[in-house]
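Enquirer: Chains as they are written, first to last, in the UniProt record's numbering: chain A, 1 to 273; chain B, 1 to 309.
Please note: incorrect hints may appear among the correct ones.
[What the hints assert, rightly or not] Not the full set, but computed from the structure, chain A residues with beta-carbon under 7 Å of chain B:
#1 Pro20
#2 Ser35
#3 Val36
#4 Leu65
#5 Ala66
#6 Gly68
#7 Met105
Just so you know, these hints were derived from the structure itself, not from any lab.
For glycine and all other residues, C-beta sits at the position ideal for the given N, C-alpha and C.
One-letter residues, chain by chain:
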Amino acid sequence: MTGTTVALDPNRNVPGVTQPGFSNTVRAEWIKFWSVRSTIWSVVAMVVLGAGLTALVTGTSAEWLASGEADESPAAFLTWGMMFAQITAIVLGTLVVTSEYGTGMIRATLAATPRRGAVLAAKALVLTTTLFVAGTATAFAGYFAGNAFLDAHGIGIPLDADGVLRALFGSGLYMAGLGLLAAAVGLLVRHTAAALSIVLALVFVVGTMVFLLPGAWGEWIGKLMPGNAGSPVTAVVSFNPQVLEPWPGFAVFTAEVAAVLVVAWIAFRRRDA
Amino acid sequence: MIAARGLTKTYGPKKAVDGIDFTVEPGRVTGFLGPNGAGKSTTMRMVLGLDRPTAGSVTVNGHRYQDSAAPLREVGALLEARALHPGRSARDHLRWLAVSNGIPARRVDHVLDLVGLEGVAGQRVGKFSLGMGQRLGIAVALLGDPPVVVLDEPVNGLDPEGIRWVRNLARELAAGGRTVFISSHLMSEMALTADHLLVIGRGRILADCSTSDFIAEHAASYVRVRSPQPGDVADLLLRQGLDVTRHEDDELRVQGLDAAAIGELVGKSGLFLHELTLVRSSLEDAFMTLTADSVEYSATTTTTAGTAR
Chain A
1 MTGTTVALDP NRNVPGVTQP GFSNTVRAEW IKFWSVRSTI WSVVAMVVLG
51 AGLTALVTGT SAEWLASGEA DESPAAFLTW GMMFAQITAI VLGTLVVTSE
101 YGTGMIRATL AATPRRGAVL AAKALVLTTT LFVAGTATAF AGYFAGNAFL
151 DAHGIGIPLD ADGVLRALFG SGLYMAGLGL LAAAVGLLVR HTAAALSIVL
201 ALVFVVGTMV FLLPGAWGEW IGKLMPGNAG SPVTAVVSFN PQVLEPWPGF
251 AVFTAEVAAV LVVAWIAFRR RDA
Chain B
1 MIAARGLTKT YGPKKAVDGI DFTVEPGRVT GFLGPNGAGK STTMRMVLGL
51 DRPTAGSVTV NGHRYQDSAA PLREVGALLE ARALHPGRSA RDHLRWLAVS
101 NGIPARRVDH VLDLVGLEGV AGQRVGKFSL GMGQRLGIAV ALLGDPPVVV
151 LDEPVNGLDP EGIRWVRNLA RELAAGGRTV FISSHLMSEM ALTADHLLVI
201 GRGRILADCS TSDFIAEHAA SYVRVRSPQP GDVADLLLRQ GLDVTRHEDD
251 ELRVQGLDAA AIGELVGKSG LFLHELTLVR SSLEDAFMTL TADSVEYSAT
301 TTTTAGTAR
């Protein structure tokens with residue numbers, strides 16, 4: 001049994017192998033991403049919430065908005081559902097990372113691709129591409145459905161009106177950013193419930209509460225919170241007059257996401273799997 | 001070949017792996033044996049670059065695992081049974097692994113056939129039994145047809161037929177010139193599977209030798225003596241400087257002299273003997289004896305007979 005010490009060439013028995021690179025890592029992450037049901041459910045939920053709720057709220061408010069008594073711009077309602085679609089982006093971003101830690105899959109992932117930077121980059125690419133496409137498509141669907149109700153009451157807003165296309169594509173960008181933020185937090189805390197709680201609280205609870213802080217600095221902290229800075233890009237006209245302008249706000253949001261992502265990347269590289 | 005030099009891993013004040021050196025050679029099955037908590041899984045995670053050593057190094061084929069461009073084609077590993085997403089099918093799990101390392105897709109079906117999971121390849125792995133999960137883990141290990149195979153507790157949850165299958169597979173892989181490194185806490189299983197043993201306890205290597213040497217060296221034997229006058233016999237033997245322990249009422253276990261000499265000694269003194277038997281300790285007992293001081297979590301009750309001091 002012993003004695004047959006043959007040195008085996010790693011490439012000998014598997015004809016047709018190719019030297020793997022980053023594209024292999026991306027394709028592997030793509031297969032992983034789409035081969036679990038939570039991905040499909042999250043995307044379906046995004047479309048239903050994002051487009052459906054926009055249609056619902058414009059359908060029920062169109063008459064009031066057209067009556068002249070309204071104190072809100074009709075344009076503010078065209079991406080109304082995206083406020084709720086945010087949740088699905090956060091869920092999907094969290095699960096992409098934490099489901100691997102919850103199941104021990106992360107060890108299989110890092111055994112297959114030990115270059116952790118490549119794993120993180122591939123995950124981020126798959127996640128943001130999906131969320132951008134799904135978020136933008138959802139926003140367009142919501143716009144067409146919602147604007148049909150507004151049109152019926154003579155207050156429709158054409159696609160080429162100021163800020164409409166920016167808001168629709170901005171919705172996709174913001175979904176991608178939120179997903180990335182959730183994934184980064186997931187990488188830091190490695191636990192689904194913890195990561196979800198942190199990001200949902202940060203965006204929905206803390207972001208609203210800080211506006212209650214007194215004085216100019218309270219107002220500025222409010223403006224700079226990730227959810228408050230990032231979301232104006234998704235709205236044709238913002239409900240909240242206190243927030244930053246769309247693109248400056250999105251720049252702040254992007255910088256915040258990038259900062260958390262860098263910290264997560266450093267932790268991911270250093271910690272044991 | 002796997003080589004560890006001064007490999008150390010500490011978690012806070014606790015040394016999980018304490019400066020170990022070992023080499024796992026190709027062409028034979030090396031059993032990595034130790035009680036739970038001895039440092040086996042920590043060592044294996046360091047081999048695979050998942051955990052970073054606190055000190056020292058471990059290399060596979062002369063380089064760190066992380067430095068391999070296509071690690072699954074160099075080292076195949078069965079990690080803890082459930083490094084799987086329960087919602088993904090067995091085929092999809094193998095598919096993404098194959099793609100990640102540039103392994104042709106037909107290998108997926110090949111290894112599914114090899115482990116006997118071709119009929120359930122489309123099922124979600126959350127529905128798999130422990131044994132099916134282990135088979136899938138072994139399929140993962142063999143996916144890249146690697147020259148080095150690392151299996152962490154591969155027979156856990158397998159039925160006797162599955163255990164025999166793993167044993168034969170390991171021996172075939174080694175016979176084909178591969179490096180096969182298998183961890184287990186079951187001495188009896190390793191005695192049948194491994195050519196070479198690496199025994200670890202409390203993070204230290206306790207033995208590094210061939211299985212047959214290990215058996216010869218560590219399987220201690222004793223002489224069982226039964227007498228209606230056990231107290232007197234024990235006194236007599238103790239006066240000769242022998243190692244005597246008393247079990248039950250009339251049984252003595254004696255080490256330090258062979259059965260014939262003990263019989264003569266007792267006969268000369270005029271005491272009665274009812275039994276005089278040489279007892280060879282089992283391999284499991286030898287393993288328990290060797291690791292007795294290094295068991296991390298031991299029950300408070302004393303272990304079964306056979307662990308003659």
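Enquirer: Which constraints among the numbered hints does this structure fail? Numbers only, ascending.
Expert: Result: hints 4, 5 and 6 break, sorted rising.
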